[in-house]
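If you read the sequences in order, they're chains A and B. Quick note: the first sequence uses numbering that gives the first Met the number 0, first residue 0, plus one each step. Quick note: the second sequence uses numbering that gives the first Met the number 0, first residue 0, plus one each step.
Note that these hints are calculated values from the structure, not bench results. Just so we're clear, the structure is a prediction, and the values are computed from it rather than from any experiment. Even glycine gets a Cβ: it sits at the ideal position worked out from N, Cα and C. It is possible that some hints are incorrect.
Pairwise CB distance ranges, derived in the manner of DEER restraints [claimed, not checked]:
| no. | chain 1 | residue 1 | chain 2 | residue 2 | range |
| --- | --- | --- | --- | --- | --- |
| 1 | A | 76 | B | 151 | 31 to 39 Å |
| 2 | A | 882 | B | 314 | 36 to 44 Å |
| 3 | B | 143 | A | 933 | 55 to 63 Å |
| 4 | B | 151 | A | 274 | 50 to 58 Å |
| 5 | A | 76 | B | 405 | 52 to 60 Å |
| 6 | A | 693 | B | 53 | 53 to 61 Å |
| 7 | B | 49 | A | 943 | 41 to 49 Å |
| 8 | A | 882 | B | 53 | 44 to 52 Å |
Partner residues are not named here, just some residues of chain B that face chain A (Cβ under 10 Å, in silico) [what the hints assert, rightly or not]:
| no. | residue |
| --- | --- |
| 9 | 62 |
| 10 | 64 |
| 11 | 67 |
| 12 | 68 |
| 13 | 72 |
| 14 | 152 |
| 15 | 159 |
| 16 | 438 |
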Amino acid sequence: MKNNKNIWIGEKDLTQQEEFLNELDQEKSLMNLESTADSLPSMKGNRRDFLKVMGFGIGAATIAAGCDIPVKRAIPYVVKPDTIVPGVANYYASTYVNGGDYCSVLVKTREGRPIKIEGNISSNVTKGGTSARTQASVLSLYDTNRYREPQKSNEGVFGSMTWSELDKMVMDALSSSASIKLLSNTIMSPMTFKAIEDFKAKYPNVELVSYDPVSFHGALTANEKSFGERVMPDYRFDKADYIVSFGADFLGTWLSPIEFAKDYASKRVMKNSKNAKMSRHVQVESHMSMTGSNADNRILVKPSEQGAAIAQLYNSVVGGSAPTSGLNEKAKEALTKVAQQLKQNAGKSIVVSASNNVDEQLMVNAINQALSNYGNTMMMASASLQRTGDDAKLMSLIKEMNAGSVSTLVVLDCNPAYDCAYSSDFVKGLSKVKTKVAVSYSANETSVLCDLVAPKHHYLESWGDAMPKKGSYSLIQPTIAPLFSTRQTEETLLRWAGVDMSSDEQPMYSYLTNNWKNSLFASQSKYLSFDNFINNTLHDGVFMSAPGSELSYSEAGINFSNVTKPANSELEVSFFETIAQGNGEYSNNPWLMEMSDPVARTSWGNYLAIPVHFDGYNKMVGLNDLDDGDLVNITINGKELTVAVVKQFGQMPGTVALALGYGRTEAGDCGTGIGVDVNPFTNQNGNTSYYSADVQLGSSLGKEKHYSCVQYHHTYGVKALDNDGNMVNADEQALGMAYGQAGYQGALTDRSVVYTTNLKDLGEEVEKVQEKRKDAQFLNSKQIYRGFDAKYENGHHWGMHVDLNACIGCGACTVACMAENNVPVVGKKEVSRHHEMAWLRIDRYFYGELENPNTVYHPMMCQHCDNAPCENVCPVNATSHSTEGLNQMTYNRCVGTRYCANNCPYKVRRFNWLDYTTADIFPVNQPTLNGEKTPFGADDLTRMVLNPDVTVRVRGVIEKCSFCVQRLQEGKLTAKKEGRKLRDADVKSACQTACPTGAITFGDFNNKGDVLDTKLQSDLNYIALEEINVRSSVTYTIKVNNRDESITA
Amino acid sequence: MSVHVSPIREPLVTGHKTYHQITEDLVSPTEKMPNLSWVIGFIISLTLLTFGLFCIFWTIWVGIGTWDLNRTIGWGWDITNFVWWIGIGHAGTLISAILLLFRQKWRTGVNRAAEAMTIFAVICAAIFPGIHVGRAWVVFYFFPYPNTRGPIWPNFNSPLLWDVFAISTYFTVSLLFWYTGLVPDFATVRDRAKGLRNKIYNTLSFGWKGSAKHWQRWESLSLVLAGLATPLVLSVHTIVSFDFATSVIPGWHTTIFPPYFVAGAIFSGFAMVLTLMLVTRKVLNLEDYITIEHIESMNKVILLTGTIVGIAYLTELFIAWYSQYPYEQFAFFNRAVGPYWWSYFGMMFCNVITPQLFWKKSWRRNITLTFFLSILINIGMWFERFVIIATTLARDYLPSSWSYYSPTWVEIGIFVGTIGIFFTLYLLFTRVAPVVAIAEIKAILKSSGDQYVGKNATHHDEH
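Chain B extracted, bound-state conformation:
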């Protein structure tokens, strides 16, 4: 690792870590009994999960009539949550794929957790298309399998079908990517373990031996998967946006949606990564691996994508005016000053104003502020989807059909339940796998450890 690193680069691993210390720090959470905060968190998550599962059961048993959707507003919290969760997943893919290809070293501190988050978020998201339908027991009609009904194929023109493919592809690739990264780390855990634990981790690591050939193949596979995943970062949310963009409803029928959705997804994804990592680094004492430097980098991404999102919002407004098309104009009047004005206001405040605070360096590096703002962005991005879906549907072409919608306890319960699912999975993840990629951290130690670079460096580059 004798790559030249600019002396002005901040170190990405602090605390003068040795390889052994890294292993100790990162593997130990999987070896110790969980602390009290983990247990409390897990109980809360599991409770929410159980309640969510009950609400899902209730929905399927009684019918979609347990929700307050109506003849005008066919989608509400269900698809809002779906798009929101899918969006959150995007940060993981961006970090693991695009940042890998761009050789951004700061990705190593957060990529493992971000990828895990992607998978869990996609699981949460995938629940909604399955249960929001009137007859959940026939959702298999979505899949193009040979059947005795003709055969009848699904409608390949439908964006919902594209969603099915986009999301299943996305999930598969994300899972592979995540697992591939985990293989050497599982081997590290195995090497320290005995008995059954050793056997399990041996299986999980596919008998990894750490030979040069293994590493070489592992590197190649990572690159190949990164290559596969990179277009997915752009395509998944593009296709999700097609659900709306290909329709005829004013406010949905717009060409700006693909880039706008992708930027929004990365924006919300990074916000969620920050929310999670700020807690994780504190609880698991990972401040040396997830440094202020990492946080600042992510805040920069948030600033960029947040600004793109803001520009998209303003562009929509401009186009509505410029088009002189009354339905489009009304759609935006309706968003801003209609009965759902509060959600538009919430969206504008959280997504446009909030990230602009990150122009100031000291604020980018302020952990409390970052945490607070990341929560705001998560809320704002939820509002964005709600505005796009419910507000638009509520008032479209025929004034006679306008309606209003607010969720029932079942809909809220399912949303809360997915949060429970997400955190339950995440908390379990912190117990079975290293939250930070050990192998990758070790790989950058010599170039980004604080004993090598930065102000406090003790080992200096001889070149």
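One chain only, chain A, in its complex shape:
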């Protein structure tokens, strides 16, 4: 750009003297040398260049700034598929399967993308119910950490490769392998088994090994001895009047919780107080499990006493001399009483145990046999196949691996390097395996140690089937085309087996249907043509065939010396599975990570549950004087961990408990490094048992930085002994004049929030509550705005009924609500600051005896008050009442004064403190969940899960439960299009459809005689805080327990 013609440096330059020119050249070459030495571009340029560049820069910036922000246009279909109407959801029946977890589901898709999971009422297993895990499974489809293409490890660093490269490498390895092992969790898919058979046909030296992350080996082995098959019975809690559970969390995590919850609840609910009946449920445990929290009586035994406790019951029911020494006297006495009551309920009872000890399980089988429960409440013909893992096989596999005799190991989407008791041995052995292939969904502790990774589909992208119980089948169908270059497990196996699938567009569909054609189609007579059969089954999602034959019980010799002997140690720790995390399978699901634990109400980490006692004066004291959120050193089996504690009411003195499934090291952005891993402590002499008696607990090391617990006050009038030995209301006693020491346990408890009673006092309680209601209604009728309610007598008037006797606290509704309503996840720090955004929460209160309390779960969402205190205080009319009795939020109008939230007596309003939805233009205020690079939801993949019918809220506005107003609109339209009156069944809120027990009923108050109206006739009903005249639209029922007061343990 330089123009030197008219510019000269002095006379010498002007006259072009040679001497000068040489000098100039030298200088130039020197400059060149300098510029080549310096890697930076030389900053040559003169004033004019500067001006030119500046001019261009300013001009360009001006033009660029004047441009429109690129508009992303939604382009209509050129040829619209018949089945897709924009704005109208399609539902497809499918099945959620993850290891042993099973749920028959309907998948809601909008414009071709799955956004919500609903239960399938056609299923005879899950009966329309769902679990939190099922609800959250749709989010994992859009997991940013999932594998997107095949991976190859190069010294532990993974790089991408193509499928053909991978297939070639794997097939080369397989064909030269002397011993091939497939390792998986429980498989309940006939199609997968078929694929493995086909795989075996090609490679004869293949063995399949299955295990379960939380072992059922003991029970399965015992059943094998008693019945000849490694299966679990089909428990029928709907037929059981008396339930004894030895540590089995059958409502939360154990075997088939959705199914059990439904059946269990049917024996717990009552229409009204007249002739009310309910089952009795006794839970024998040390840690308050979710199932235990629903029990009428809890018999407290230390984890190591479980065997002796079973033995005690065995002796009393079956008659025998199983060793019970070391069992605490209270439990002995209580179990003797329980045995008597069980005998009275023979054939109408269930005894279950989570023990992993074969001989203890054999005793349980013998007890059930003696009570003639088999064939009545426990069916072997329709036995459950939801857990079939075999620890013995796993151990021999690990031995072989360590011996170096396994040449190829294919890990089928399981994570033994983390979630089995022998993980350290497994990891050691893995290094001796020549070829290690992981068929995996996302990176985990095992897949990162493998050589090759074959990424697998999400179940929402796959074809498949499942057989959770003998005679019950269900189909899995894809609801979206594969998002990434992944392949479903069966296809991967078949391709490695050399099956040619190149000519088939949907090879797995063909494979599945062929399989069904040959087996199930032949077994039925309803459909004549196969197409008809498979299309109908796909539509329904499920298929029932005749169950298997009844298995007969045969007495197996019980070796009593193998029954666990109670340890004589001061402190024991038990390890338990949580609803949200399993044994770590769900760590990378933010919805589940953020979901507060039903019992502890904590999230984002496993907290050591410690027992609490009342000091007789004004304090609820934790073990070792520890308080909520204190960090503490705990030494288990000689290894020291640092964990934060939570004071757990109902935790047996002398025991503590810590959840499995945390402390993962390879679990993606959300799950890595949250909590501590306790799996290494579960191996005891080759038997997986979920406790340790070798525990020392230190004292407080200070507070955890972000103690994330959403509830600080836990009790509702618990009774305990005061210093004078009198039984007092500890909550009210704790209000004593001791400045500041009362802390959070201390309250006046005569509140109209929840009412609880024993079944035998139900009549009295109903009278008391009705009396209180009458008083409140009288006062409310004296208001100055009379005739106010007349408004809602015409048209719709939406309302809800929540049956506290049906609610087991499982939290499926809370996750469903997050999914339906685009509720953001906020992360550990924000939860610790009580910034959680859940529109629906389940409050949990303990009542009764402080050291062995009962529990009431209280689902709390916006009550849609017809005299709403939030509405009149909003200065800008951002929250208002609809003509149908809904309390509406107008996000666009909301300024964010939070006055409405302050004035909400139910504290259900949530404020967007920061940019939780990552919707702001400037990403300066997006909190991260776990220190990840891109905040959760800031990427397009995660945002695919958003429900397009619900606004994503911006920072600074209030939000809250809308009674799923988008569903109401849809229901109204349906009724209108069909030219009929709306029925309650047309409008179901997300929480209602998610609930496995039917605790939530939504409907129209004005539909007399319909579902909601029927529920409102019960004399157990009450309205929370009725006396403050806010006119809530949500009705609750009195919580009834069937505690036997004479059982004290």
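Following the hints, put chain B in place on chain A, whose structure we already have.
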């Protein structure tokens, strides 16, 4: 000025001042270079102000999440500070309006500064409703202006909206009142000034000439404004108290709040006037105009209002017990012995015990003690608002939702920043306007100057 003054009245202007001396004493601070203490004070105030503005910017930029409020406690330091500042403003209005109507001559020594304080306090207060919201950029939704959204009007049922009107009215009337008083004084400053300064003050004084007609109109306007402002003394804090009283939250939902808040506001306002004036009179050598007599009078007001506040506290406790309503009872248990017991204790000590010391005359007239106690009262009244707002919200109906709250550096920064704003404005005020109303002091000189009344009087009333 031949009004009869009782011989037992203490003089309100001491030092045998002449009219000229008064002018010299009161105008000179605006004419001299500021002294070192002023400069240091100004730098500190300006620093705090800057930090406060940064914290406000941070709040708006990042979000209310920079504060530690939570799902249970939606208001904390923000509204506590708001109510506190509004309360402080009340003394100025009381002095200028009600005491004017009651012809209390001692008001003249302090009314100018007190009114200035009112305005600055209201400015500080008005910041909080604007920035405590989640979306500060749409606060204009508060105002009832014609718009294209329907039009949507604000919700006239909402006490927050009443606040908007109450505070804007209050600010307007207070500003008018203050400025009206300043007009003749600005003229006095102008008369002594030359050049540009003369022009500026001439404009500020609206060309005041001091004619009889001017004085007559000025007197009438003052009276009219006093009449307007008098109900405001009662109404503003009454409406602020409605923010709480009209709610359903136990501890807020109470009919005692309006009088209790008004008494509290005057109480805290006088405490702040004392804090300021005790420093001002010392620094600007105004001991002859703000005498012990003035201080004692204000201490008497503090004693009265402090006692009213104390009775209100005890009444609340009594009603909680008497109502036998568990939520109300628990709300007060919670205040006294709950996790925030220290703030209740601080409030009770500072607001109930402290003012009772003023029953003793010598203590009322003790400057050191008065200064110390006035600070305590300011703290106590801040605690009162904190107790009412944060403590009440922390634990209401549903035990499941109880929570705890402590402020972040941003919240503390904003509070400190408003103190910076307040003092920056006040210090500037002392440099541009006479801190004591010259015209009004001159008006009472003949009836309350120490050469006319009291022990050392040399001119005696002939009547």
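Hints, verified against the model:
1. 76(A) to 151(B): 31 to 39 Å: 38 Å, holds
2. 882(A) to 314(B): 36 to 44 Å: For residue 314(B) against residue 882(A), whose Cβ atoms are near 42 Å apart, the range 36 to 44 Å holds.
3. 143(B) to 933(A): 55 to 63 Å: Since the Cβ atoms of residue 143(B) and residue 933(A) sit about 43 Å apart, the hinted range of 55 to 63 Å is violated.
4. 151(B) to 274(A): 50 to 58 Å: Cβ of residue 151(B) to Cβ of residue 274(A): about 55 Å, so the range 50 to 58 Å holds.
5. 76(A) to 405(B): 52 to 60 Å: 56 Å Cβ-Cβ, so the 52 to 60 Å window holds.
6. 693(A) to 53(B): 53 to 61 Å: 55 Å, holds
7. 49(B) to 943(A): 41 to 49 Å: Check passed, 45 Å falls within 41 to 49 Å.
8. 882(A) to 53(B): 44 to 52 Å: Roughly 47 Å apart at Cβ, these two residues keep to the hinted range, so it holds.
9. 62: 5 Å, holds
10. 64: 3 Å, holds
11. 67: Hint holds; residue 67(B) Cβ to chain A Cβ min 6 Å, cut 10 Å.
12. 68: Hint on residue 68(B): holds, closest Cβ of chain A at ~7 Å, below 10 Å.
13. 72: Since the shortest Cβ distance to chain A is 8 Å, the answer is holds.
14. 152: 7 Å, holds
15. 159: 4 Å, holds
16. 438: 41 Å, violated
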